[in-house]
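Required output: the full structure, derived from the provided sequences and hints.
Heads up: the sequence lines are chains A and B, in that order. Every letter in the first sequence is one number past the one before it in our numbering, and letter 148, counting from 1, is 148. Every letter in the second sequence is one number past the one before it in our numbering, and letter 89, counting from 1, is 1089.
If you're looking for bench data, these hints aren't it; they were derived computationally from the structure. Just so we're clear, the structure is a prediction, and the values are computed from it rather than from any experiment. Note that the Cβ used here is the ideal one computed from N, Cα and C, for glycine as well. Be a bit skeptical, because a hint or two may be false.
Facing chain A, a subset of chain B residues (Cβ under 10 Å, in silico) [stated by the list, open to error]:
#1 G1063
#2 T1068
#3 V1078
#4 K1082
#5 Q1096
#6 R1099
#7 G1113
#8 K1119
#9 S1139
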Amino acid sequence: MNQLPQQLANGLILGALYGLVAIGYTMVYGIVQLINFAHGEIFMVGGFGALTAFLALPGGTTLWIAIPLMLVAGILVSVLVAIGAERFAYRPLRTAPRLAPLITAIGLSIALQQLVFSFYPDAKKARVFPQIPGSPFNIAGMTIQRSDLFLIVAAPVCMLALGWFVTKTRSGRAMQATSQDPDTAKLMGIDTDRIIVMAFAIGAAFAAVAAVAYGLRTGQIDWHMGFVLGLKAFTAAVLGGIGNIYGAMLGGLVLGLAEGLATAYIQHVPGMQLFGGGAWKDVWAFVLLIVVLLVRPQGLLGERVADRA
Amino acid sequence: MTTSTAPVTTTGDPVLEATGVIMRFGGLTAVNNVDLTVNSGEIVGLIGPNGAGKTTFFNCLTGLYVPTEGTVKYKGTVLPPKPHLVTQAGIARTFQNIRLFANMTVLENVLVGRHSRTKEGLLSAVLRGPKYKRAEAESREKAMGLLEFAGLADKADHLARNLPYGEQRKLEIARALASEPGLLLLDEPTAGMNPQETRAAEELVFAIRDRGIAILVIEHDMRFIFNLCDRTAVLVQGQKIVEGDRETVQSDERVITAYLGAPLEGTAEAPAAADADADAIADAPADLPAEAAADPVEEADAEPAAEASTASATSTTGTEDEK
Chain A
1 MNQLPQQLAN
11 GLILGALYGL
21 VAIGYTMVYG
31 IVQLINFAHG
41 EIFMVGGFGA
51 LTAFLALPGG
61 TTLWIAIPLM
71 LVAGILVSVL
81 VAIGAERFAY
91 RPLRTAPRLA
101 PLITAIGLSI
111 ALQQLVFSFY
121 PDAKKARVFP
131 QIPGSPFNIA
141 GMTIQRSDLF
151 LIVAAPVCML
161 ALGWFVTKTR
171 SGRAMQATSQ
181 DPDTAKLMGI
191 DTDRIIVMAF
201 AIGAAFAAVA
211 AVAYGLRTGQ
221 IDWHMGFVLG
231 LKAFTAAVLG
241 GIGNIYGAML
251 GGLVLGLAEG
261 LATAYIQHVP
271 GMQLFGGGAW
281 KDVWAFVLLI
291 VVLLVRPQGL
301 LGERVADRA
Chain B
1001 MTTSTAPVTT
1011 TGDPVLEATG
1021 VIMRFGGLTA
1031 VNNVDLTVNS
1041 GEIVGLIGPN
1051 GAGKTTFFNC
1061 LTGLYVPTEG
1071 TVKYKGTVLP
1081 PKPHLVTQAG
1091 IARTFQNIRL
1101 FANMTVLENV
1111 LVGRHSRTKE
1121 GLLSAVLRGP
1131 KYKRAEAESR
1141 EKAMGLLEFA
1151 GLADKADHLA
1161 RNLPYGEQRK
1171 LEIARALASE
1181 PGLLLLDEPT
1191 AGMNPQETRA
1201 AEELVFAIRD
1211 RGIAILVIEH
1221 DMRFIFNLCD
1231 RTAVLVQGQK
1241 IVEGDRETVQ
1251 SDERVITAYL
1261 GAPLEGTAEA
1271 PAAADADADA
1281 IADAPADLPA
1291 EAAADPVEEA
1301 DAEPAAEAST
1311 ASATSTTGTE
1321 DEK
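Take a look at the structure:
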């Protein structure tokens, strides 16, 4: 039985999810050189925002209406939390040594987890997330869940829109300029504070899209789902070359594929029987990261840049 | 060389009025009570040994630093202390060490320069409405016009970092002009240029003045300064010691002392100033710490960090050695 197509499909779908979240890490890093460790929780609150919207709708609302509304609510919650974090936690520390905002991000991450854990109704256990009903598709030996269709459409749309925005619009160019040299960008008349907020907001919106996709895919969301996924997305961003938006997406896809293939095939390698299967997939993901960084320390699409002191 | 230096335009209203500008970094006074006025249609020079506070003064004018004391007015209004609002008001600048957006194309660099002169609703950009298309097309047209003016039109699609040095300097000027300024600040525009390139730069500066833009220029090349400028101010150790036309400046004893050192009394500042004149790094006072550190104002002279970089105040405070 050939399970390669199925593993490729699984890997790509998972990878697209990682990629969407990785965009948030990479954009913020590219502009303020901050690793926003609270981004996993921005993703998580987006999921709960979407769930809240779903629960508020009258029962029996068709998913064609529910999903867009859930998306809007999720994006709204994620973006507001991200902008609030930027304004009140990171901006006051903009000129502080880099460790200070990094620690703040970790603290914020724990705080957000605990807030949801403590105050969202019944969030102490996983909450059920709606599914797209219907039997899965069978195409060329691959089985694809209907719920995954959302991600298959959303991920490329988001990426193309972002690519267009960054290269073709005035705000996108201002964003590139700010990431290359913030002081000079200011002297070109660019309000860099606004650009930084915009980077946080775009990253958060993408995370919320990913959260809806994650909920649809797994059928449930919980308060700590942002931790491992955030770590994986951060890995994807570094793998692709942090600061590069196409790198983030590529890194996500490579990481997802590696996990899928490792799960299926490592156990067939003589002597490696113990290290196959789902339990070891995270290990193989990080082994891949280490190997890539040994060969290309700047990541797959990253550029070697002189450190701005 | 042939271009007339006679005042073509009758100088009009003041464009820039800096009064009593003082910039202190901790105990170090980098700019001490400087007054300077630039009138419309004028080219004004700012000279002085390395470390005299020229670039720091520029940074005070553009909002990168907020002056400790004193006011800077542009066309009669006090400037806001934010760089992007200063640009919006109408002051543009270039940098001593080139600071282009290296990974963007030549055209994109100029388009970024136009940022404050273009408006774009995010919604209309996303919907790609006719308004967005029109604004984008107009921006590109104006940017191309500026590239033609600077002689870079055929390189519009090159990455900025791939341009030769002289053209990178020109691109910086084109990018600064893109914000449609009323006053252009040039920080050592001919640094590192050969004599032909310097002559070409002179022509370019005159052409910019003829577009109705007042110019304030920092330079070490005296020929360049005296060919161009209607007036020249001399800054030494943060203070303006002389201002006037070529003859006034050239014949002033204090200027000669500052640049060449006082005859006979070879005190601490003499080797320092001579070094500076040779365009070397102003590290001489580091060799003579006892004398140089005696006076805080003298320390300002020994402070290349304040002069050479736009780093934050904290990084320049209290550092005596080179960055």
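Now for the hints, and whether the structure bears them out:
no.: 1; hint: G1063; result: 8 Å, holds
no.: 2; hint: T1068; result: 18 Å, violated
no.: 3; hint: V1078; result: 18 Å, violated
no.: 4; hint: K1082; result: 8 Å, holds
no.: 5; hint: Q1096; result: 12 Å, violated
no.: 6; hint: R1099; result: 5 Å, holds
no.: 7; hint: G1113; result: 5 Å, holds
no.: 8; hint: K1119; result: 8 Å, holds
no.: 9; hint: S1139; result: 8 Å, holds
When each numbered hint is compared with the structure, violations occur for hints 2, 3 and 5.
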